[in-house]
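Work the whole structure out from these sequences, hints included.
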Amino acid sequence: MIAYLVTILTLVSIAAIVALALNLQWGLCGMVNFGIVGFVALGAYTTALLALAGTGPILALAGAVAVCALAGGLVALLSVRLSEEYLAIVTLGFGEIVRVVSLNEAWLTGGALGLPGIPRPLIESVPSESYDWVFLGLCLLALAAVFLLLESLTRSPFGRLVRAVRDDDVVAATLGKNVLRTRVVAFAVGSGVTAVAGGLQAFHFSYIDPSQFTPIVSAYAFMAVIAGGRGSNRGILLGACTVMVLLEGSRFLKDFVEVLDAEQLASIRLILIGLGLILFLIYRPQGFGREPRRSAGSLLGEAAADGRERTS
Amino acid sequence: MQNPHEERALLEVRGLSKRFGGVAALSDCSLSIAAGSVTAIIGPNGAGKSTLMNLIGGLFPPDSGSIVFDGRDITHEAAHRRARGGMVRTFQISRELGQLTVFENLMLAGQDARVENALVSTFLRGRVARSERRVAERARRLLERVGLFRLADEPASALSGGQKKLLELTRALMLKPKLVLLDEPAAGVSPPMVRELCDTIAALRAEGLSFGIVEHDMDLVAELADRVYVLAEGTRLTAGSYAEVTRDRRVVEAYLGGVA
Ligand SMILES: Nc1ncnc2c1ncn2[C@@H]1O[C@H](COP(=O)(O)OP(=O)(O)OP(=O)(O)O)[C@@H](O)[C@H]1O
Ligand SMILES: [Mg+2]
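Heads up: the protein sequence lines correspond to chains A and B, in order. Sequential numbering of the first sequence, starting at 1, is according to our numbering. Sequential numbering of the second sequence, starting at 1, is according to our numbering.
Worth double-checking, as some hints may not be accurate.
Pair ranges (Cβ atoms, derived) [stated by the list, open to error]:
#1 Ala262(A) / Phe60(B): 54 to 62 Å
#2 Val259(A) / Ile93(B): 57 to 65 Å
#3 Arg150(B) / Val6(A): 47 to 55 Å
#4 Ile93(B) / Ile89(A): 27 to 35 Å
#5 Ala158(B) / Leu275(A): 27 to 35 Å
#6 Glu96(A) / Arg150(B): 46 to 54 Å
#7 Leu124(B) / Leu140(A): 47 to 55 Å
#8 Pro285(A) / Arg19(B): 40 to 48 Å
#9 Val23(B) / Ala88(A): 48 to 56 Å
#10 Arg125(B) / Ser267(A): 31 to 39 Å
On the chain A side, residues computed to face chain B include the following (Cβ under 7 Å) [as the list claims (entries may be wrong)]:
#11 Leu153
#12 Arg160
#13 Thr174
#14 Ala296
These are calculated hints, taken from the structure and not from any lab test. A quick note: this is a predicted structure, and the numbers were derived from the prediction, not measured. Positions of the beta carbon are idealized from the N, C-alpha and C atoms, including for glycine.
And the structure:
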C-alpha cells in the first residue's frame, strides 16, 4: 500500500507540473494547448535519448527543456498570426506529429517497443529498497521549483503582461506591448516546463513507449487547471491532486462492485470522473483558486501605508 | 512637409482611404494635429471617425494614404511601436482589461518592456521592484487626479461606463505620450464627470500634451477644440475653428442627414 502511495504521489507531482505549465499558457495567456501531451512526450524522449547516450540526468533534463521550449516557441510563432481557434488545431497537430514520429521512427525512438533501460538518477548511490522514496523526493523538489518559478513569474510584470494579452490583445498592443513576442515567450516557457514532467516520467518508468502519451494526459492537465481555477498556481496544485484522487480512487470501485467486468468498470470510471467535473463546474465554476492580483498597496510599498497622501 | 502658416504639425495624415467590402468607410482624408493643441473630429454616425482613429492607431492598414507622426512615417508601423513612439489611443467602446485591477491596468501601461521581459522579471527582482514602485507612484497620482484611486484594487470590469472611460484616459497617460487620441471620451459619462474630463484635458494641454478627440458632445468640442474637422460619409467636409465650422451650411445639412 505504501509503495502504491509513493508511486501515486510521484505521478501526481509529474501531472501537476504539466498542469502548471498549461496554466501559464492557457490559464494566464489564453493560449489553448490541446497537444500538451506531445510536449510531454518530446521532453521524455529527448531526456531518454540524452540519458541513454551517457549524458547526466540534469544535463539530459536541461537539453529536453531547451528542445521543448524551442518547439513551443515555433508552434506559437506558426499559429499566433492566425486566429485563436487555429492554435487549438496546430497544437493538436503537433501532438499527433510527435505520436506518429515516436511510433514510426524506430531507429530513433524504438517505435512501438519504446526505449528501455533509461538510467535513473542517483540509482547507484541509493539503496534500492528506498529508491522510490528518493525519486519521489526528487519529483517533489522539481514540482516545488517549477511552482516557485511560475508563481513568481505570475506575480511579476511579465505575468501582468501575459494576463493583459489574454484579456485583450488589441489593447495590449495599443499600450505598446509586443503581443506576438509575449505569446511566443509564454508558450515557450510553458513548453520548457512541460519537458521537465516528460523527463521525470522517463526516469520514473526507466522505459518509455508511445502508449504512455495518449491524449488523456492533455485531458488531465485541462481538468486540473479547470478544477484548480485558471490562473491560480496554488489552486492548480490542489486541482491536480483532486483529479488524481478521482482517477485513482475510482480504481477501487472494483472492490465494491463485483458484478462488473474490467471494461465496464473503466467506462464507468470515466463517466464518474466526467460527472464529478460537471458537478464541480456547476457548484464552483471559478475553481479552487483565483489568479493573483497585486494590490495597489503592495506595489506602492510602504508609501501607501505611511499615509503620506500626495494629491496633485 | 510643414505648413508655414500653422504651428508644427505633430500628426500629419494625407489622403487616407479605407474600404470595408463595398463600404468606403474613409476616402482621401487629410488632417493635421498641431503640437500642443486639441483637435476635434466631428461628424454624423458612420462618418468614418472611428475608422480614422483605427487607421492612425494602427489597428489595420489603410488602402492608400500616409501617416506621419513626429516627423516619422508610421503608415506601416505596428500598433505597439506607434504607442512606444508617443501616440496612444482609446476606444469608442471601452476596452478595459477586465481581469486586471484598475491599478494593474495603469501599471501595465506605465511599465517598460525591458522590465516585463520574462528573464528580468524572474531574476532581477530588486531592479523590478524599484521600477514597479516608481510606476506605482505615477499610477497613484493619476488615479487620485481623476478620483479613481479608491477603486484601485477593484477589477476593471467592475467599473461603471463613465469610470471605464476615465480609466482608459488615465491608462493612456501612463505611457507619457505626446499625442492622445480619444474616441468619444464623454459618451456615457455623467455630466459632473464630463466637467472633470474637460478640466483634465485642458490642464494637460496646458502642460503641452496634444489631443485628437472624436466627440458628439458639442459643448465639450466648443470648449476645448482649437481646430475642428468635420467628416461626413468618409470624406472631410470642412475644417476650421468651432465657430467657423458650425456656421458652415454644409455641416448643418450633413448633421440633418441630407448631404449637399
Ligand atoms: N470593421 C468594419 N467592418 C465593416 N464595416 C465597418 C467596419 N468599421 C466601420 N465600418 C463601416 O464604416 C463606416 C464608418 O464607420 P465608423 O465606425 O468609422 O463611423 P463613426 O464616424 O465612428 O460613427 P459613430 O459616430 O457611429 O461612431 C460605417 O458605415 C461602418 O458601418
Ligand atoms: Mg465611432
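Status of each hint after checking the structure:
no., hint, result
1, Ala262(A) / Phe60(B): 54 to 62 Å, "holds, 58 Å"
2, Val259(A) / Ile93(B): 57 to 65 Å, "holds, 60 Å"
3, Arg150(B) / Val6(A): 47 to 55 Å, "holds, 52 Å"
4, Ile93(B) / Ile89(A): 27 to 35 Å, "holds, 30 Å"
5, Ala158(B) / Leu275(A): 27 to 35 Å, "holds, 34 Å"
6, Glu96(A) / Arg150(B): 46 to 54 Å, "holds, 52 Å"
7, Leu124(B) / Leu140(A): 47 to 55 Å, "violated, 28 Å"
8, Pro285(A) / Arg19(B): 40 to 48 Å, "holds, 43 Å"
9, Val23(B) / Ala88(A): 48 to 56 Å, "violated, 32 Å"
10, Arg125(B) / Ser267(A): 31 to 39 Å, "violated, 50 Å"
11, Leu153, "holds, 6 Å"
12, Arg160, "holds, 5 Å"
13, Thr174, "holds, 6 Å"
14, Ala296, "holds, 4 Å"
Checked against the numbered hints given earlier, the structure breaks hints 7, 9 and 10 and satisfies all the rest.
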